[in-house]
Amino acid sequence: MIDQFKEAFREEAFELLTELEDALLALEENPENPETISSVFRIMHTIKGSSAMFGFDEISLFTHEVENVVDLLRAGELAVTKELIDYTLLARDYIRDMLEDPTIKLSEETSKLIEQFRNEVRKQRHLFPENETKEIQETRVEKSKTEETDSLSSEELNTFRITFCPENNLFLTGTNPFLLLMELKEMGDYSVIANKEEIPPLSKINPDFNYTSWEIILTTEKSEEEIRDVFIFVESSSEIRIDKVYSSSLDEEGKKIGEILIDRGVVRSEEFDRVLTGQKKVGQVLVEQKMVSQQQLDSALEEQRQINKALEKRRNLSVSGSVRVDSAKLDELVDLVGEMVTVQAHLTELASHKQDASIISIAEQMERLTTELRENSMSMRMLPIGTTFSKFKRLVRDLSTELGKNISLVTEGGETELDKTVIEKLGDPLVHLIRNSIDHGIEPPEVRQEAGKPEEGTITLSARHSGANVLITVSDDGAGLNKSKIRRKAIDRGLLLPDEEISEQDLYQLIFAPGFSTSSSVTKVSGRGVGMDVVRRDIENLGGMVSVSTKEGKSTTIELKLPLTLAIIEGLLVKIVDEFYVFPLSVVEECVEHVQSQQENSQQNIASIRGEILPYVRLREFFEITGEQPEIEQLIVVNTHDTRIGFIVDEVIGDYQTVIKTLGTVYKDVEGLSGGTILGDGSIALILDVLKITQLVELEEKLLT
Amino acid sequence: MGDEALIINFEGNQTIDKSGTNRDLLLKALKGKKKQILLDLSNVEKVDLSFLQLIHAAELEASSSRKSFSLTGTIPTSLRDAVALSGYDRFPEGEIKGIFAQIKGKGEDL
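As you go down the protein sequences, you meet chains L and R in turn.
Numbering-wise (this note's numbering), the first sequence opens with residue 1 and increments by one.
Numbering-wise (this note's numbering), the second sequence opens with residue 706 and increments by one.
Among the hints, a few may not be true.
To be verified - Chain R side only, calculated, beta carbon under 10 Å to chain L, not exhaustive:
hint : residue
1    : ALA710
2    : LEU735
3    : LYS736
4    : ASP753
5    : LEU757
6    : GLU766
7    : SER769
Stated by the list, open to error - Label-pair ranges, simulated between beta-carbon atoms:
hint : chain 1 : residue 1 : chain 2 : residue 2 : range
8    : R       : ASN718    : L       : GLU198    : 21 to 29 Å
9    : L       : GLU225    : R       : GLY737    : 50 to 58 Å
10   : R       : ASN718    : L       : GLU402    : 28 to 36 Å
For the record, the hints were derived by calculation from the structure and aren't laboratory data.
Cβ atoms here follow ideal geometry from the backbone N, Cα and C, with glycine treated the same way.
Construct all of the structure, not just a fragment, from the sequences and the given hints.
Okay, structure coming up:
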């Protein structure tokens with residue numbers, strides 16, 4: 001049980017660390033922004049508090065030290081420098097490492113880093129001697145002292161009534177409520193009363209249960225949100241109410257005596273309410289005094305009721321905004337929906353055989369609902385790609401510094417959504433492409449200057465939707481691809497004959513060939529033993545495509561075209577003899593009838609469609625299927641990589657929602673198939689990897705000639 | 706028999722991992738024949754909420770079985786701080802003041 005909550009903490013902490021990285025990079029760009037400094041501080045503070053709560057003491061202690069430095073930034077006693085950002089980013093990495101592996105020992109590294117932080121503080125104080133040289137710890141103490149005296153006069157003070165009713169299983173989640181209370185106490189003037197009413201006599205108590213709830217009155221300059229942050233890890237399992245009972249910014253009279261009495265524990269709020277209900281309400285008094293009519297009062301009361309209802313609704317809305325769900329559960333849901341799609345296909349097929357209007361109508365309704373359910377559950381797996389984009393900012397920052405280049409990363413379309421599995425698998429190829437741009441693409445500043453370009457190079461990472469695909473491009477304004485260099489390399493590698501004619505586009509595509517690397521020196525940045533061929537393989541495994549375009553001396557753009565999802569696709573179901581195959585509908589352009597006798601040259605497998613020549617593949621031959629060939633066959637025209645090619649099948653059945661099932665490890669070496677799917681009647685259809693088949697056939701042709 | 710007081714000594718950290726054992730210990734004392742039970746918390750180091758709850762539950766149990774239940778010895782600062790932090794030192798009307806009031810007191814020898 002405790003482990004489960006620790007896991008939840010780790011998940012949240014990882015998210016916070018990502019936020020922290022973004023905030024630090026933003027701070028570097030805009031060092032004066034107090035909001036960014038505050039958010040860095042808030043994240044550090046939350047990580048410190050919650051890691052202590054869940055027993056990650058080392059993280060807590062280390063974060064505490066870093067938080068102290070950030071606090072000095074916040075107080076304007078330190079300036080944001082590149083060193084400080086570097087150290088804080090490194091600190092963030094250490095925290096992440098410690099979270100990933102709690103057994104890891106980083107004490108040497110962390111103490112060294114803390115020393116570096118201290119040196120930076122000393123250095124800055126030395127540069128600005130009006131601040132005396134003091135240790136971080138000391139200044140912090142000093143600061144909080146002055147804060148105490150100043151705060152009453154300058155900052156806005158609010159008084160909150162906080163009701164905190166945790167569940168019985170509070171201790172089982174690893175939560176120590178004292179730490180929460182301590183955090184509140186540190187925020188300002190704190191007064192607490194424990195409600196012990198629920199505690200049973202000893203003979204009936206469960207010693208592992210919590211029976212206590214609290215009412216806390218806190219006068220602080222912190223905001224309601226900051227107070228709520230204290231409860232971040234217990235809010236789902238506790239009832240927490242935070243009411244602002246007094247604000248110094250409002251021109252209110254002093255506290256009501258009832259509130260003070262409650263605050264001091266002289267009377268309980270319920271008792272007080274009971275006494276109040278015995279009193280006459282103001283409306284009643286006014287009616288009795290004939291100052292307002294009962295009707296006027298009723299109308300005003302109705303208005304009050306409506307306002308309260310609206311307020312309540314708004315509060316509820318903000319509470320139930322989103323729910324955290326384990327991603328494995330989502331996978332399971334999609335699996336189940338997949339099963340349902342299969343059953344629904346069976347039902348539709350059965351209904352069409354039965355010719356029973358009522359069953360057909362049910363099948364149609366079912367189909368509509370299944371489609372909606374499918375779309376809905378797929379959309380739950382969609383994540384904005386921006387989450388991966390942000391980590392590249394760090395990559396560009398660190399690597400460009402290392403190589404002495406001046407590069408900025410521009411991201412566009414971070415809100416574009418993609419299936420989470422696709423996003424997860426996209427990380428490595430994108431890292432590789434960006435590394436390539438930094439290392440080989442963007443020139444050193446002096447070279448850029450000579451070429452009349454701005455000293456700072458730009459890498460643009462963008463994402464956008466295009467039909468059932470997402471297009472992701474990585475482009476840089478660097479040197480571009482060098483045609484003659486590629487040609488020479490390709491000939492060296494035996495990928496091209498010395499006198500072979502090749503189109504410009506095809507030549508550029510050669511950089512994706514296995515073993516191809518245009519950089520003559522292997523650097524530690526991009527030369528990691530993987531080439532662009534790995535990028536292409538990764539993307540093709542995701543059902544996507546890679547292409548490159550370049551302007552020599554100006555720019556290079558790599559475009560990745562990816563399917564929105566990997567779990568269910570729209571397919572075109574076809575039949576050859578008694579075997580079923582599925583084409584991904586996204587690549588299918590058209591289907592036409594094909595008659596054997598029309599063929600002019602059966603050896604060349606070339607058809608003519610509306611006067612245009614189209615090479616085709618006879619799938620029956622490719623898969624070595626024997627059986628009678630129908631007189632009229634079907635030609636499916638597909639378009640991959642801007643190349644049109646035909647596939648001949650016996651029969652086209654129609655569109656089919658294809659739930660992709662992997663073929664398993666036994667078939668992992670089978671080429672030309674990307675998976676399988678179960679049809680309505682329980683039989684199996686294989687999903688064609690159109691691109692791979694085209695490549696295989698092309699290779700075979702090349703070998704033959 | 707029954708005239709002498711029973712002194713229960715708690716030492717070291719008294720946290721959730723010991724709550725089961727502590728409950729059994731207190732319950733055994735309260736079910737015993739001694740009319741007066743004294744808690745000695747002088748050597749207690751760190752306490753958590755589970756321990757404070759147990760003391761309150763024991764007070765309730767003692768009150769229903771008409772036994773006297775109070776403190777003896779000294780009160781460590783850490784304990785007094787914990788009681789203050791958790792709001793266990795505040796008593797709405799009608800609530801037993803007993804041990805927590807003693808802890809809240811001056812913290813000197815009782």
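Now the hints, each set against the structure:
1. ALA710: Cβ of ALA710(R) sits 18 Å from chain L, so the hint is violated.
2. LEU735: Given a least distance of 6 Å, the restraint on LEU735(R) holds.
3. LYS736: Holds: closest Cβ of chain L sits about 8 Å from LYS736(R), inside 10 Å.
4. ASP753: Result: holds, 6 Å to nearest chain L Cβ.
5. LEU757: 8 Å, holds
6. GLU766: 4 Å, holds
7. SER769: 6 Å, holds
8. ASN718(R) to GLU198(L): 21 to 29 Å: 25 Å, holds
9. GLU225(L) to GLY737(R): 50 to 58 Å: This hint holds: roughly 52 Å between Cβ atoms.
10. ASN718(R) to GLU402(L): 28 to 36 Å: Between ASN718(R) and GLU402(L), where Cβ atoms are some 49 Å apart, the hint is violated.
Of the numbered hints stated above, those contradicted by the structure are hints 1, 10, listed in ascending order.
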